[in-house]
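Just so you know, the sequences run in chain order H, Z and L. Residues in the first sequence are numbered consecutively from 9, following the numbering used here. Residues in the second sequence are numbered consecutively from 5, following the numbering used here. Residues in the third sequence are numbered consecutively from 240, following the numbering used here.
No lab work stands behind these hints: they were computed from the structure. Note that the coordinates shown come from a computational prediction; the quantities given were computed from them, not determined experimentally.
As a list, the in silico EDC-like pairs of lysine to aspartate or glutamate whose alpha-carbon atoms are at most 16 angstroms apart:
{"no.": "1", "chain 1": "Z", "residue 1": "K143", "chain 2": "Z", "residue 2": "E127"}
{"no.": "2", "chain 1": "H", "residue 1": "K247", "chain 2": "Z", "residue 2": "D273"}
{"no.": "3", "chain 1": "H", "residue 1": "K41", "chain 2": "H", "residue 2": "E77"}
{"no.": "4", "chain 1": "H", "residue 1": "K157", "chain 2": "L", "residue 2": "D547"}
{"no.": "5", "chain 1": "Z", "residue 1": "K212", "chain 2": "Z", "residue 2": "E52"}
{"no.": "6", "chain 1": "H", "residue 1": "K41", "chain 2": "H", "residue 2": "D230"}
{"no.": "7", "chain 1": "H", "residue 1": "K14", "chain 2": "H", "residue 2": "E77"}
{"no.": "8", "chain 1": "H", "residue 1": "K247", "chain 2": "Z", "residue 2": "E275"}
{"no.": "9", "chain 1": "Z", "residue 1": "K122", "chain 2": "Z", "residue 2": "D160"}
{"no.": "10", "chain 1": "H", "residue 1": "K156", "chain 2": "L", "residue 2": "D547"}
{"no.": "11", "chain 1": "H", "residue 1": "K263", "chain 2": "Z", "residue 2": "D273"}
{"no.": "12", "chain 1": "Z", "residue 1": "K122", "chain 2": "Z", "residue 2": "D154"}
{"no.": "13", "chain 1": "Z", "residue 1": "K10", "chain 2": "Z", "residue 2": "D25"}
{"no.": "14", "chain 1": "H", "residue 1": "K247", "chain 2": "H", "residue 2": "E43"}
{"no.": "15", "chain 1": "L", "residue 1": "K362", "chain 2": "L", "residue 2": "D462"}
Derived DEER-like restraints, expressed as beta-carbon distance ranges:
{"no.": "16", "chain 1": "L", "residue 1": "S461", "chain 2": "Z", "residue 2": "S36", "range": "43 to 49 angstroms"}
{"no.": "17", "chain 1": "L", "residue 1": "S372", "chain 2": "H", "residue 2": "S118", "range": "30 to 36 angstroms"}
{"no.": "18", "chain 1": "H", "residue 1": "G160", "chain 2": "L", "residue 2": "S377", "range": "36 to 42 angstroms"}
{"no.": "19", "chain 1": "L", "residue 1": "G364", "chain 2": "Z", "residue 2": "P117", "range": "22 to 28 angstroms"}
{"no.": "20", "chain 1": "L", "residue 1": "G491", "chain 2": "Z", "residue 2": "R118", "range": "31 to 37 angstroms"}
{"no.": "21", "chain 1": "Z", "residue 1": "P117", "chain 2": "L", "residue 2": "S377", "range": "29 to 35 angstroms"}
{"no.": "22", "chain 1": "L", "residue 1": "Q270", "chain 2": "Z", "residue 2": "V100", "range": "54 to 60 angstroms"}
{"no.": "23", "chain 1": "L", "residue 1": "R468", "chain 2": "H", "residue 2": "V314", "range": "48 to 54 angstroms"}
For glycine and all other residues, C-beta sits at the position ideal for the given N, C-alpha and C.
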Amino acid sequence: MNQLLKLSDFSVSFTTPRGDLHAVRGVDLSVAKGESIGIVGESGSGKTVLSRATMGLMPSTATCTGSVEFNGAPLSDLSHAEVRNYWGTGMAMIFQDPLTSLNPVRRIGSQLMEGLIVRLGMSKDQARARSVELLERVRIPDPYAAMKKYPGELSGGMRQRIVIAIAIACTPELLFADEPTTALDVTVQAQVLELLAELRQEFNMTMILVTHDLGVVAGQTDRVVVMYAGEIVEAAVTKDLFANMKMPYTEALMKSIPRLDQASGQRLRVITGRLPDPTTPEPGCSFAPRCEYATDKCRAEKPPLVTMQNGHQYRCFFPIGGSL
Amino acid sequence: MAGSGKLHLRLDSDPLLVVQDLVVQYKVNRKSFVSAVAGISFDVLRGETLAIVGESGCGKSTLGKAIMQLPRPQGGTVVLDGVDITALDGNDLRDVRPKVQMIFQDAISSLDPRLQVKNIIDEPLKVWKKGTAAERSIKVDNLLNSVGLDPVVVRDRRPYEFSGGQCQRISIARAIALDPVLLVCDEPVSALDVSIQAQILNLLQDMKEKLGLTLIFISHDLAVVKAVSTRVLVMYLGKICEVATPDDLYAHPAHHYSRALIAAVPIPDPEVGVDKIRVTGEPPSPVNPPSGCRFRTRCESASQRCAAEEPQLQEVGLGHFVACHHPVTN
Amino acid sequence: MKKLRPILLRLSQVCLVLIGATFLVSVLIRQLPGDVAVLINPAASLAERAALRQELGLDRNYFSAYWMWLSQMLQGDFGFFIFGGKVLPVLKTAIPPTLQLIFYTQIVALTIAIPLGITSAYKQGTRFDRTISTTLFSISSIPNFGIGLILSLLIGVKIGILPPSGYRPISEGLIQHFRLMVLPVMTLAIAPISTYTRLLRAEMIAALREDYVLLAMSKGLSDRRILLRHVLRPSCTTLMTSAALSMGGLIGGALVIEIIFVIPGMGTQLAKAIGTREFMAIQTYVAFIALFYVTFNSVVDILIGVVDPRTRNRRA
Ligand SMILES: Nc1ncnc2c1ncn2[C@@H]1O[C@H](COP(=O)(O)OP(=O)(O)OP(=O)(O)O)[C@@H](O)[C@H]1O
Ligand SMILES: Nc1ncnc2c1ncn2[C@@H]1O[C@H](COP(=O)(O)OP(=O)(O)O)[C@@H](O)[C@H]1O
Ligand code: SF4
Ligand code: SF4
Ligand SMILES: [Mg+2]
Ligand SMILES: [Mg+2]
Numbered sequence: 009m010n011q012l013l014k015l016s017d018f019s020v021s022f023t024t025p026r027g028d029l030h031a032v033r034g035v036d037l038s039v040a041k042g043e044s045i046g047i048v049g050e051s052g053s054g055k056t057v058l059s060r061a062t063m064g065l066m067p068s069t070a071t072c073t074g075s076v077e078f079n080g081a082p083l084s085d086l087s088h089a090e091v092r093n094y095w096g097t098g099m100a101m102i103f104q105d106p107l108t109s110l111n112p113v114r115r116i117g118s119q120l121m122e123g124l125i126v127r128l129g130m131s132k133d134q135a136r137a138r139s140v141e142l143l144e145r146v147r148i149p150d151p152y153a154a155m156k157k158y159p160g161e162l163s164g165g166m167r168q169r170i171v172i173a174i175a176i177a178c179t180p181e182l183l184f185a186d187e188p189t190t191a192l193d194v195t196v197q198a199q200v201l202e203l204l205a206e207l208r209q210e211f212n213m214t215m216i217l218v219t220h221d222l223g224v225v226a227g228q229t230d231r232v233v234v235m236y237a238g239e240i241v242e243a244a245v246t247k248d249l250f251a252n253m254k255m256p257y258t259e260a261l262m263k264s265i266p267r268l269d270q271a272s273g274q275r276l277r278v279i280t281g282r283l284p285d286p287t288t289p290e291p292g293c294s295f296a297p298r299c300e301y302a303t304d305k306c307r308a309e310k311p312p313l314v315t316m317q318n319g320h321q322y323r324c325f326f327p328i329g330g331s332l
Numbered sequence: 005m006a007g008s009g010k011l012h013l014r015l016d017s018d019p020l021l022v023v024q025d026l027v028v029q030y031k032v033n034r035k036s037f038v039s040a041v042a043g044i045s046f047d048v049l050r051g052e053t054l055a056i057v058g059e060s061g062c063g064k065s066t067l068g069k070a071i072m073q074l075p076r077p078q079g080g081t082v083v084l085d086g087v088d089i090t091a092l093d094g095n096d097l098r099d100v101r102p103k104v105q106m107i108f109q110d111a112i113s114s115l116d117p118r119l120q121v122k123n124i125i126d127e128p129l130k131v132w133k134k135g136t137a138a139e140r141s142i143k144v145d146n147l148l149n150s151v152g153l154d155p156v157v158v159r160d161r162r163p164y165e166f167s168g169g170q171c172q173r174i175s176i177a178r179a180i181a182l183d184p185v186l187l188v189c190d191e192p193v194s195a196l197d198v199s200i201q202a203q204i205l206n207l208l209q210d211m212k213e214k215l216g217l218t219l220i221f222i223s224h225d226l227a228v229v230k231a232v233s234t235r236v237l238v239m240y241l242g243k244i245c246e247v248a249t250p251d252d253l254y255a256h257p258a259h260h261y262s263r264a265l266i267a268a269v270p271i272p273d274p275e276v277g278v279d280k281i282r283v284t285g286e287p288p289s290p291v292n293p294p295s296g297c298r299f300r301t302r303c304e305s306a307s308q309r310c311a312a313e314e315p316q317l318q319e320v321g322l323g324h325f326v327a328c329h330h331p332v333t334n
Numbered sequence: 240m241k242k243l244r245p246i247l248l249r250l251s252q253v254c255l256v257l258i259g260a261t262f263l264v265s266v267l268i269r270q271l272p273g274d275v276a277v278l279i280n281p282a283a284s285l286a287e288r289a290a291l292r293q294e295l296g297l298d299r300n301y302f303s304a305y306w307m308w309l310s311q312m313l314q315g316d317f318g319f320f321i322f323g324g325k326v327l328p329v330l331k332t333a334i335p336p337t338l339q340l341i342f343y344t345q346i347v348a349l350t351i352a353i354p355l356g357i358t359s360a361y362k363q364g365t366r367f368d369r370t371i372s373t374t375l376f377s378i379s380s381i382p383n384f385g386i387g388l389i390l391s392l393l394i395g396v397k398i399g400i401l402p403p404s405g406y407r408p409i410s411e412g413l414i415q416h417f418r419l420m421v422l423p424v425m426t427l428a429i430a431p432i433s434t435y436t437r438l439l440r441a442e443m444i445a446a447l448r449e450d451y452v453l454l455a456m457s458k459g460l461s462d463r464r465i466l467l468r469h470v471l472r473p474s475c476t477t478l479m480t481s482a483a484l485s486m487g488g489l490i491g492g493a494l495v496i497e498i499i500f501v502i503p504g505m506g507t508q509l510a511k512a513i514g515t516r517e518f519m520a521i522q523t524y525v526a527f528i529a530l531f532y533v534t535f536n537s538v539v540d541i542l543i544g545v546v547d548p549r550t551r552n553r554r555a
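All chains, full assembly: derive it from the sequences and hints.
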């Protein structure tokens, strides 16, 4: 298998006034070329920090440990300036909120052309021509007019397409999409997801799709990683995950979402409580305070990440359907 | 005003709220304006949960606020409990205000950051002189308890110290403080996490049963709507497309727009194939809406007639109404 | 026509502000103690005094007196000194030094504050950042006439590398002109440097946390490019607004500094006029000072519109 990204024992913590905040804890993850991986979890579970830290986009208050290998190169050993060479061309990112991820005082055209000129050394005219192509590709009507506009003059859906165009401008090998559709409504979400899937095929891109919506993951990814309190708690091939959930957390998450294929008027199952405080980690299983199957063992001892024969991983002493 | 018809009204069942031919316009500039709500009629029976769904910008929030006369609609009537509140003003309008309360999507910013939680909830009680300070204080504690918050812990804190879900609980407590009959919820869970979303939806359901509330539930998430509503109204660009019970609507959408909306919802099951019915592009500008059927610029089945003539609501099944010249047939 | 509309609107606003300011001054001046007629000719008879008062418009009510002054101004008659001479020639020599002083100060303040602000924001929390903020804070707490006196004495008199005071117009030698301007401009610039730096730092730190900066970073742009192209520009709006607002303080400061550094500008003249109850001259000077202020503010407002599209067409 051709590996593109490999994280080993990767952790991120922030120095805060209340003590060290452990946002990502001991993540091992490998991503093959061309694969599409979904990362799901509640808000605050560390999805954004994991993807941004992998790229090296972290504020100075963050400390990253463990290793990140990209195409065989150890990114975690490189300096900031060296890592930057991978941004745009090697890895790129789409952010959650299209309303805030474009610079409000610069025209769409200049924001799009910038990367092409700086990173690919294109001339202004080349960059302009390529930008128009890109805008056409992401289905912006009248790209020439759009180039001259400011972000404030476009709708959320259009802005997200432009963010996508910027991210794919230098044909990155790996695309992080951090909740790319959370701020959009269903019809636009469907359009944007479809566009991402097409682009992935076309440019043979690897994608890491971060979302809290299991519905989005189901249709778009080959493999799913479930995060809870900064850790991977379950990982499997998408079909396998939905068919044989092992982790009580994943199951609870699944049951708490209202579904179109259920009769109306049914009471939703809830996960009571909230994520544990990331500054004071639980001694045992981090899901124990909210888990309906929790025992004394769960509260005292940390469950290890178990890998099954088919590669399905889970972090639980009492997996659903028994440990096989 | 050519409305979209009133066949779906159930005036003989003594509805709590009857809205007829409601028009709300915003001024765009000196000359032009948009009709964010362009002649809508609907009713809500007592104890019902009416969901209003549609794309961003179709006028859902405007409709919700117009029921409360904020801002005053430019046309139409809103009859609450037999009283036409569009005809009221001054103190008369003030007197009916507490009967309708609203909760918003962005709970954190809808609460005054300078006030302590107890004052936020006490404020409406104080304004309406509901009891002495001591009585109100007990009521505040009861309200907090009823929305699942511990009064001892939360009373003296301020909104920014709470998560989105907790803030939404606080706004629910505030909204029910004055014993409203109708609660308008504008995307109450759109900004919340899935697990918290379920908690809030269940809380709303409990409150509704306990207090005998009637709900208007605005949302763009059709799965959420299906779980909570008893009747659904699909809106597009300020007009009604379809009215039906959720089970009918999801099983047999009759309007092309409803069908596309439903098809766009991602199903959390990789074995279920994705439905390829899609609407392309984005809604046209409401300043210059298309003639006839407003959806025709994005509709695959649009005909000449759709451009010439505005479709009126017609009954396609029991309690199932659609405003389309060529409804979807199954 | 459509484009002219905002400009016309702006112009009418400017006129209104000017009229309001000068009217207020004309009313206030009349409250100064002492009868001008007596000041001019202590020996004058009652009838002579009455004639004088009539000539000066002192017998009219506030509105009519103001109107008299305004119509004369509009006809290019800037009034006369009670003790002899026209105001116009004095005005002509007093305006350039004051405008130069203010203009140089703004330029110096911005050229120093922008790089300082950017660097402090970029190096937020480091020793550099902390040193800069403490230094600026402590210097800016000394009133500027104090700084002026210290600089004048220390650099001008003790060390003697620069002339301690005086003024030369540009026409009489550029080098001497600037040498004389260094100390007063430095004195005046210290307060705005401190304000601008702190403001820009705060704005840029906020902007650096925005998603669009992360997006720019993730394109692989250099830090320098990100700071200058993506962070500075949105932060500039606040800086420019602050520059416009500080204009009032700056004009006030300039008037005081002129006296310390013996610059024959509006400040010096105004002080003189107030001392001798030259109420016509005072009114004219104040009208011009208000004009500078309002013009500068309008220009900044227009510039902000150019730099920041968000302020132009606010769409729902
Ligand atoms: N205060 C306002 N001034 C001018 N136009 C407005 C105003 N508020 C809303 N509009 C316009 O009215 C239309 C309907 O807006 P509304 O907020 O009701 O939509 P919505 O369906 O609630 O959308 P969302 O799902 O984004 O909340 C939109 O075209 C919007 O741009
Ligand atoms: N810059 C930061 N400084 C301190 N803590 C942070 C920072 N960014 C994120 N965190 C914390 O890290 C944890 C994980 O956050 P995040 O990755 O954004 O979650 P998700 O994307 O899954 O919603 C949270 O507890 C959050 O508060
Ligand atoms: S280890 Fe125990 S507490 Fe944790 S998920 Fe499994 S059963 Fe629940
Ligand atoms: S009326 Fe015509 S355009 Fe409108 S939805 Fe029906 S078929 Fe489509
Ligand atoms: Mg996130
Ligand atoms: Mg809304």
